[in-house]
Amino acid sequence: MSTVVLVLIEVLLVIGLSRLVGLGFRWLRQPLVIGEIVAGIMLGPSLFGLVAPDLANALFPAEAVPFLNVLSQVGLIFFMFLIGLELDPKYLSGQLEIAVLTSHVSIVVPFSLGAILSLLLYPLVSNDAVSFTAFALFLGAAMSITAFPVLARIITENNLQGTRLGTLALTCAAVDDVTAWCLLAMAIAVTRTNSVVGALPTLFTSAIYIGFMLTVGRWFLKRLAMHYQRTGKLTQFVLAGIYMGVVASALITEIIGIHLIFGAFLIGAAMPKHEGLTRELAGKTEDFVLTFLLPIFFAYSGLRTEIGLLNTPQLWLLCLAVLAVAIFGKFVGTYVAARVGGIRHAEATALGWLMNTRGLTELIVLNIGLSLGVISPLLFTMLVIMALVTTFMTSPLLEWSYSKDRMRQDLIEPSEAGLEPMPESPTYRILVPVANPNTQQGLMQLATAIAGTNLQSAVVHPLNLVLLEEDYAYASTPAEADRLIARQQEQLEILIESLEPPEARQVVHPIIRISNDVARETLQIADREQADLILMGWHRPAFSDNRLGGRVGQILSGSKTDVAVFVDKQPIEKQPIEKQPAEKQPIRLNKLLVPYKSGIHNDLGLELALRILVNHPECHLTVLRVNLPNQPPDELSYEFRGVLSQLYESLRDRITLSVVESAEPLQAVVAASEGVDLTIAGASREWGIERQTLGKYTDALAVKCDSSLLITRRYSQVTSHMAAVLTATDPASGSDVASNNTANSDAANNNPSGAKL
Amino acid sequence: MKGHFHPKTLLFYGTMIGSVLILFRITSAYGEKHLKAPPDINGRYISTQAPPGCPDSTRLALTLLQSGIYLHGAVHVEETGAEAKSAQDKPTLDGRWEQSQVVLSGPTGAFANCNLTAASDGAVNREVNIQGQINSSASDTPATLTGALTIADSPPWQFSAERQAVAQKSSDH
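Taken in order, these protein sequences are the chains called R and Z.
Sequential numbering of the first sequence, starting at 1, is according to my numbering.
Sequential numbering of the second sequence, starting at 1, is according to my numbering.
Fair warning: there could be bad hints in the mix.
[As the list claims (entries may be wrong)] Incomplete in silico selection of chain Z near chain R, CB under 10 Å:
#1 20
#2 32
#3 65
#4 154
#5 157
#6 158
#7 160
#8 162
Think of the hints as simulated: they come from the structure by calculation, not from any bench.
Glycine included, every Cβ here is placed at the ideal spot set by N, Cα and C.
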């Protein structure tokens, strides 16, 4: 097999396995990149070579490794370029002086501990080709790394970028990162010349080059950005020039004596930030680098990681010592510095765990060390294990030590600027997942209709989740995430302003968050906010025609809160293009139809209908019962009649009970839905909406119904949407009519399974 | 960043950085003077004679992988002058560098084709034990490993092996 073919097969394996394992780790709520690193290790002698040595030897022979090396170095160069692009000076200056202080201490302590640890390790795991100074310097630098990219993503995914903890952590990590790279540069220079004094010319030259890039280079790149503004496009010509610049810069730093990656990082850092140019550049570069080249780097690193080398208890003890020093140094250093600076215990703990993340950056440093011969394969493996463990423990420990709600309370700016403050303790909450604010006006109107302004203290939360699917994309950096959130906020505000009547707008309080799993996050938020109802629109999912499939289906399957799905069929009048945004008439809610058969889902539908009835004085409700032929007629249950009698008179007057006999309940409902504004049906078999064995719902009624349709499904045993309705007073008469059957009202209110009609 | 120019802050930073530097100098001075790491004995060692029971044209090739005092190795029986193939066979021997001695032991299938004096029980893998000293006197003569190789229960075979001129690992990254 020719080498090229072999390398390509290896690339295929590497990319496929990386994605697979990465997904697995995503499912464990860990960063995707950890999965990719583990995939690389699995392909090496630690797993693949152990389990099937002959196959591993055939697929990854020694001749192919140098080619993988070249590919991985190219990937690394461009990856460092991307990292430099993301490094925003605003992180470095930091709003809080305490951040810079903490970050410096969080380098000094692990570095010193690392240097002391090298006293132990040097005679054991090094050889005399490496001077002690180089070894100690390297180990110190390896201990003091914090992975800024991984940290930034963890912060964004947990929606912390607006909180004090988040900004603190980002600043600390950014300063840490830059300082650690400088330490690494020094370590490399010292290693190559094997003495500190010999390294001085190298360091001096590097300092000059850095200065040059940050002044002249920056000036030039700014002109480039201006040129981009004018032309509005990033041509391939300019792109070629920039890529050449990246490679040239990398070569220069390599020649100077520090590593290739610094040059690439430097030119990325020198690019002007927040420009369209940078965004487009990142977009064009990252897909190929992150999906193709970077996993090759991980595989190359994995081929050099031999967990099998740790085959005695003594070695594992040594590994544990390295891990302990690393964790202790970072965590304690950060914690103490933060506390001294006045940060609360909980925040300082969280900050300590966040700074402990070593991840990908550590791996880059270790590979350089191994290639230079400063660290041996054994120590390399131990440090890789340390990097993985410290990164793996960050997310869980963060959640454990600092509950997310408390973090949200520390928001630096209130996210609801300009809207009315939330009522003190809303008693009724509706969560409305809104994917695209422009098209969800009908949904929002319905939500406010159900919530109502006068019935009780109610609140409607339109929930907009910004989906971050790509890990490590430019779009998932905190700065970009903030931009996306701000944009969604604007759109939501436009939507809210268009709601009628104006009083309805007060009950609306948007929630906007970053998420990478919309269904899961929606359910979690519903749980946390103690929502009484999730009201969502239907989506047509990509691979099927079922309106209740896809995301809607996921929420329906996993929800613990009552759910209502709105299928909007009101015709959209043709709008003249000038009208911005498209102004829809508020949906008509004058005639409601509730097909009724005894069952919990239909009950929910009826409860919601009654709420709308109370909130809209012109509304009329028809309750339709369908009797199958040859069956005894379905009697209205005792409780239902009891509820009816409790409603105040003008409300009762607007309810019509009608009965139809038909063998096809579904057809009867469809016929009745003509001329009605909204049909509210429970998710039950009679109306053609039932849950099949695999959890999918049939949506026959949704397809055939003439009017807009609201499908209701009850999950919660205790939520009552009716409580406020039962005690409502007639606004016209002002008298409390509910005292008619006090016994009944007690029974109904105390009924733990909700209104059992 | 004007807060950084308070005398107190400057003093703090100065003390912190100063103490780290001093700590590092002390540590590295101590380390350079007192700590000795084992010499670099990585490489392939080819014996000067054929192993016992093996054809005369063969030689013993011992690959040593070193991580400080922890050694791993692999043995092969190869034709003289054969190219270094299968350089990445899993090292099956483990050992340490103790008191300037190389001590390695472990199973190997390298002697499958040799006639060994010990009762041939048909086993492919045999336990081998290697003990020896590395002599790297002059810088231009290759280092030599002098020692004894014991296969299973047979009497030890004294041998001397020369380190192959290591094709200098081009400083790859």
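Worksheet item: Close enough to count: is the Cβ of residue 162 of chain Z nearer than 10 Å to one in chain R?
Response: violated (19 Å)
Practice prompt. Return the status of the interface hint for residue 160 of chain Z: holds when the least beta-carbon distance to chain R is below 10 Å, violated otherwise.
Written response: With a minimum Cβ separation of about 22 Å from chain R (threshold 10 Å), the hint on residue 160 of chain Z is violated.
Worksheet item: Given residue 157 of chain Z was flagged as interface, is its beta-carbon under 10 Å from a beta-carbon of chain R?
Response: Not OK, violated: residue 157 of chain Z not within 10 Å of chain R, min 26 Å.
Discussion item. Please check whether residue 20 of chain Z passes as an interface residue: C-beta within 10 Å of a C-beta belonging to chain R.
Written reply: holds (5 Å)
Item to complete: Using 10 Å as the Cβ threshold, decide whether residue 32 of chain Z counts as touching chain R.
Response: holds (5 Å)
Practice prompt. Go through the hint on residue 65 of chain Z and say holds or violated, using the shortest Cβ distance to chain R against 10 Å.
Written response: OK, holds: residue 65 of chain Z within 10 Å of chain R, min 7 Å.
Item to complete: Verify the interface restraint on residue 158 of chain Z: the C-beta must sit less than 10 Å from at least one C-beta of chain R.
Response: violated (26 Å)
Item to complete: Have a go at the residue 154 of chain Z hint: is there a Cβ in chain R nearer than 10 Å to its own Cβ?
Response: violated (26 Å)
The structure is inconsistent with the numbered hints 4, 5, 6, 7, 8, although it conforms to all the rest.
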